[in-house]
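J.: Sequence:
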Amino acid sequence: MKSISVSTRLWLLVCAVLIAVFVEDLVDLKHTSEQLRTHKEQQLEQLVETAHSILQHYENEARAGRLGDAEARRQAIAAIRPLRYGTREYFFIIDHAEPVPSGIMHPIQPDLEGYPLDQPAYLRATSSRAGSRGPYRALDNDNIFVAMREVAHSVSGNGYVTYEWPKPLGSGGVTVGRHPKLAYVKHFEPWGWIVGSGVYMDELEAAIARNAQTRLIKGVIWLLLFGALAWALLRSIMRPLHALHDAIQRLRGNPDHSIDLPARQPRELALLGNVFRSLMSDLQHSRKALNASLDELRLAGSAFAAMSEGVVVTDAQRRIVSINPAFTRISGYPRTEVIGRNPNLLKSRRHDDEFYRAMWHAIEVNGSWSGEIWNRARDGRVFLEWLSISTLRDEAGQVLNYIGVFSDITERKRSEADLRIAATAFEAQEGMFITDAHGTILRVNLAFTTITGYTPDEAVGKSPRLLKSGRHDADFYARMQDGIDRSGSWQGEIWNRRKNGEIFPEWLTITAVHDHEGNLTHYVSTLTDISQRKAAESEIQHLAFYDPLTNLPNRRLLIDRLRQALSSSARTEHTGALLFIDLDNFKLLNDSLRHDKGDLLLQSVAARLLDCVRTTDTVARLGGDEFVVLLEDLSALTTEATAQAQTLGNKILAALNQPYTLAGHVHHNSPSIGIALFSDHHRSVEEALMQADLAMYQAKAAGRNTLRLFSPEMQSVVSARAALEADLRAALDDHGTQFALHYQPQVDRAGHLTGAEALLRWQHPQRGNVSPAEFIPLAEDCGLILRIGRWVLETACRQLAAWARDPDMQHLTLAVNVSAMQYRQADFVAQVLSILVDTGADPNKLKLELTESLLLDNVEDIITKMTDLKAWGVGFSLDDFGTGYSSLSYLKRLPLDQLKIDQSFVRDLLTDPNDVAIARAVVALAASLGLTVIAEGVETEAQRLCLETNGCLAYQGYLFGRPAPAEALKTWQPIAPSRTVDGT
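Each residue of the sequence shown is one higher than the last, beginning at 1 in my numbering.
Hints may be right or wrong, so weigh each one.
[Stated by the list, open to error] Straight line, CA to CA, 25 Å or less: simulated DMTMM-like cross-link-like pairs of lysine to aspartate or glutamate: (1) 40 x 150; (2) 700 x 733; (3) 970 x 936; (4) 865 x 591.
Rather than coming from a laboratory, the hints here were simulated on the basis of the structure.
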């Protein structure tokens, strides 16, 4: 294929530029046309919006009563009729009557007003578009005004219609012919009118045509300019090229390697001539350089033989082609044994194949490699060498030779290693200094300077006594020297002084150095700053006996001081006292304010307690929100000691009731305080703490924010509680034979049995029937509720499975109470599902009841567990609703099925309007959340009727039956209510 000439390429470039200009003009013309159309549409929308606003104004006047409806419409038409814009544009109004709209106002053709617009002349609408900027849709012979009505009735309530319409004349008439027109209409809904206006398309198209004509003229001008420019440029390029061509042809017969160009030539040709002259000069210099290189090569051969480094040259296949004498001296291989062989004969086998692959990869990629490598001499000796391999390539880039230069560095590396080890040892993190036999410092390391602050210039020539702190006497140093003399070394803790005067602890090791004749020559000492270690030991000691948050003594230190106080009290016959302090509702405050605010509160409490007591008293924090004050040396008289302890207790009550400012916010809190006195050593530490703790709980039971003094009667309560706990544990260990489940019926508004609630009963062999109100709280306090709860759930599910086999009972659901402690078990979901599988109970018939107290902590975890069980069909009922702290924000997220109105609200329904309001609110809330409602504690028909009146249609209580064994439900008879709300 022939190459394209420069002139042809230049003309092609000009054509390409012109085509690009024309294409750009065409694209821009289309874009400008669209912009003109869009601008006209936007103008139409704004004008129609103005007319629409006028209608809205008069409609507002009518609505406000300032104008009658008919008058408001008349004035609105009168206001819009004379409005004009442009040369022929006006507004029109039609209604949206079916099947064909009627004219309301047409300023150009008033004969259209008041008549249906159904004449054939109006069947010329071609397309319509609803909304904003959507595509037009074609209409098949549609009525113009019907099309406007359809567009106005679209979702957006406005749109465009294209059609043909006569043009108005300047004299007030209209033209005979029809012209394309675009109208924008908008629905005025209050009066059922459609207001609109339009523009004639031929005027828009004329503007577009004028724009196209302007662009065409501009394109012709561009064509002429570019043609003239291309011709001038081509002429200026080709003339000097032809002149240069002639000169080069003359050069072919000129042996002087020079170009003879005419003196007067264009600048471009002169530049090219200069380049050729420079090229010829470079060739002459290259010849001279080649001759010099040959001389250097001869010198290099001599140097090759005289080099102390071994040199080996291989071909591209890595066969040895040359070595120098040093190669033989280092490796032991003579020339005759290596020529033609691979350098692998030197391999020591100390490097794996990956090492050699990486080496040759670097050579191939980078052209060279340098590094340390272990090789083996002819006599089997392994030596370390520094090897550099370079690649020699031809002009085409093909490998000609590999050149290796190496030197034996075995001894040098060994010496470097020895020096490095010695230097590393001396410059270790431990400070080091060396003295002569007389104790004069000869050398110190950097760590010595870092630790002591003394630089080498300040320490060398001095005695180590410059570090003495003065904390040790002469006997200490005498024992140190005696140890060195006897065993040759000494080590131990010593206090020294830094240059800045700071005294610090260090671990010092001194070793005596002797020469080969046994004479003492030096002392080598190492020292380590153990300040941080000693501080850490002190910190550990502090943490072991003090609370890190409040810096008060902790339980361990309190017990130690209490033990000493008991002994001191017995010895001095003075009375002591323990004040056990617990903050009221601290957990609720801590959870609601975030734990960092809770910590600030605890620190403030600690500070206030310290302000209340004497310096000889002990204030300790046991953990959480529990504090203890230990008072000693109170009066020997019990009455006076009691008064002293109570006075301090009241002082603490007043101090802790003062407002707390935490992070800029004011909060309030109160304590409950228990006081226990002691005056002899026969009482144990544990007994004293238990008595104060018991008195504190009595203060909480008395309503909080008070104090109570321990009395023997409290001990009786503790003993009775301990005995009941022991019996409860024995009952559980007896496989639950003392426990039984009773079932209380749950009925609907018609009195039909729909389910039951499982209630636990404990029949003790000696105590008889123990009330759940007595043993359930105890089980929750001591943790036995987990075992009891599992037994209850297993027994209830077995009963539920038994009912499923009885046609008369299989429709019943069973509600089982589950404690908060059970819900918070990590494997609670797995436990419930395991019990359901083992018993064969239907999950859809099981309903777990939870209390509002469960929602006080870790609600997200509770929601997750409930959701998991809900997926298996298990239902949930919120028990005692309205008596706790549940948040509606959490309540709506819980996967509940039912709310239970507490019996405390049901009891006084007939006498307390507040309880009725609460019941009604619970029903309304449940309905809004899609939940059912059941009321417990219904004992009279009047209560049931009141609940039914307020929308509660499910009940449980003595009115329908007391809790009884499962067999009793078989014979349970429905109780028909006396009447219902609707009288049926």
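J.: Does residue 150 sit within 25 Å of residue 40, going by the straight-line distance between their CA atoms?
T.: holds, 22 Å
J.: Holds or violated: residue 700 with residue 733, Cα cutoff 25 Å?
T.: violated, 33 Å
J.: Between residue 865 and residue 591, does the CA-CA distance stay at or below 25 Å?
T.: Judged against 25 Å, a Cα distance of about 21 Å means the pair holds.
J.: Mind checking the alpha carbons of residue 970 and residue 936 for me, to see if they're no more than 25 Å apart?
T.: Given pair residue 970, residue 936 holds - Cα atoms ~21 Å apart, limit 25 Å.
In terms of the numbered hints stated before, the structure departs from hint 2 and from no other.
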